[in-house]
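Sequences listed follow chains H and Z, in order.
In terms of our numbering, the first sequence is residues 1 to 112.
In terms of our numbering, the second sequence is residues 113 to 225.
Hints may be right or wrong, so weigh each one.
[Unchecked claim] Cut-off 20 Å, straight-line C-alpha distance, at most; resulting in silico cross-link-like pairs (DMTMM-like, lysine to aspartate or glutamate):
| id | chain 1 | residue 1 | chain 2 | residue 2 |
| --- | --- | --- | --- | --- |
| 1 | Z | K119 | Z | D199 |
| 2 | H | K99 | Z | E213 |
| 3 | Z | K177 | Z | D199 |
| 4 | Z | K177 | Z | E198 |
| 5 | H | K69 | H | E17 |
| 6 | H | K99 | Z | E166 |
| 7 | H | K56 | Z | E213 |
| 8 | H | K56 | H | D83 |
| 9 | H | K26 | H | E53 |
| 10 | H | K70 | H | E17 |
| 11 | H | K69 | H | D83 |
| 12 | Z | K177 | Z | E166 |
| 13 | H | K70 | H | E53 |
| 14 | H | K26 | H | E5 |
| 15 | H | K99 | Z | E218 |
| 16 | H | K26 | Z | E170 |
| 17 | H | K99 | Z | E170 |
| 18 | Z | K119 | Z | D138 |
[Claimed, not checked] From the derived model, a few chain H residues whose C-beta atoms are all more than 12 Å from chain Z:
| id | residue |
| --- | --- |
| 19 | L11 |
| 20 | Q14 |
| 21 | N18 |
| 22 | K26 |
| 23 | Q33 |
| 24 | H45 |
| 25 | L100 |
[Stated by the list, open to error] Computed spacing ranges between beta-carbons, pair by pair:
| id | chain 1 | residue 1 | chain 2 | residue 2 | range |
| --- | --- | --- | --- | --- | --- |
| 26 | H | S12 | Z | S121 | 27 to 33 Å |
| 27 | Z | P120 | H | D66 | 23 to 29 Å |
| 28 | H | D7 | Z | F173 | 24 to 30 Å |
| 29 | Z | F173 | H | K69 | 28 to 34 Å |
| 30 | Z | R127 | H | R41 | 24 to 30 Å |
| 31 | Z | S117 | H | G16 | 33 to 39 Å |
| 32 | H | T111 | Z | K177 | 39 to 45 Å |
| 33 | Z | S171 | H | G16 | 41 to 47 Å |
Derived by calculation from the structure, the hints in this document are not laboratory data.
Backbone N, C-alpha and C fix where the C-beta goes; we use that ideal spot for every residue, glycine too.
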Amino acid sequence: SQQGEEDPQALSIQEGENATMNCSYKTSINNLQWYRQNSGRGLVHLILIRSNEREKHSGRLRVTLDTSKKSSSLLITASRAADTASYFCATDATDSWGKLQFGAGTQVVVTP
Amino acid sequence: SAVISQKPSRDICQRGTSLTIQCQVDSQVTMMFWYRQQPGQSLTLIATANQGSEATYESGFVIDKFPISRPNLTFSTLTVSNMSPEDSSIYLCSVLANTGELFFGEGSRLTVL
Numbered sequence: 001s002q003q004g005e006e007d008p009q010a011l012s013i014q015e016g017e018n019a020t021m022n023c024s025y026k027t028s029i030n031n032l033q034w035y036r037q038n039s040g041r042g043l044v045h046l047i048l049i050r051s052n053e054r055e056k057h058s059g060r061l062r063v064t065l066d067t068s069k070k071s072s073s074l075l076i077t078a079s080r081a082a083d084t085a086s087y088f089c090a091t092d093a094t095d096s097w098g099k100l101q102f103g104a105g106t107q108v109v110v111t112p
Numbered sequence: 113s114a115v116i117s118q119k120p121s122r123d124i125c126q127r128g129t130s131l132t133i134q135c136q137v138d139s140q141v142t143m144m145f146w147y148r149q150q151p152g153q154s155l156t157l158i159a160t161a162n163q164g165s166e167a168t169y170e171s172g173f174v175i176d177k178f179p180i181s182r183p184n185l186t187f188s189t190l191t192v193s194n195m196s197p198e199d200s201s202i203y204l205c206s207v208l209a210n211t212g213e214l215f216f217g218e219g220s221r222l223t224v225l
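Just chain H, with the same shape it has in the complex:
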């Protein structure tokens, strides 16, 4: 069964606004990773947050992890049209390094 569930399924915002998407999962994890996918191409790795971390930043990206609630959020600040893509969270269980369970993804559209 799918480990991660993402919310919202779709998000439409204007350039300059922030975009927030959430991910929930079911079992204990090693790490949680966020990816971006443009128009059915390959996945671009955005950020990895470990189970003992609570927050991580990378450029305009901010990821939080709440292991007590089994949830994570990805915030994209000051969005750009180039951020238009599908965003996926993925987790690997404590004994399954690299065997990721993906969420359904959030489709983000940023309009100029």
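Given the coordinates of chain H, assemble chain Z onto it according to the supplied hints.
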């Protein structure tokens, strides 16, 4: 991060044929995996490609349908056998870095007619 090259990037295939996808990594990696993304769906793990031994398949995937080779630490192939339209998907090769990050190739988009 490793550079992962997949060939072909896309192909249109006839029902009943087989296609082999190649994955080349620019550095030696211990763990390689193959994933599938069906149209409009998320990614599902097919198998772990083990160097020098048989691949480890996830539930719902079998060796006869998806034979995998991994002759060394930089190369792997996935064959999609006896294809049907339901096999139309993007197939992605991935490698596990020492940091725990999983990196993906650009994918191979297969359309089966």
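TODO: Hint by hint, work out which the structure violates, then give me just those numbers in ascending order.
DONE: 5, 10, 11, 23, 24, 25, 27
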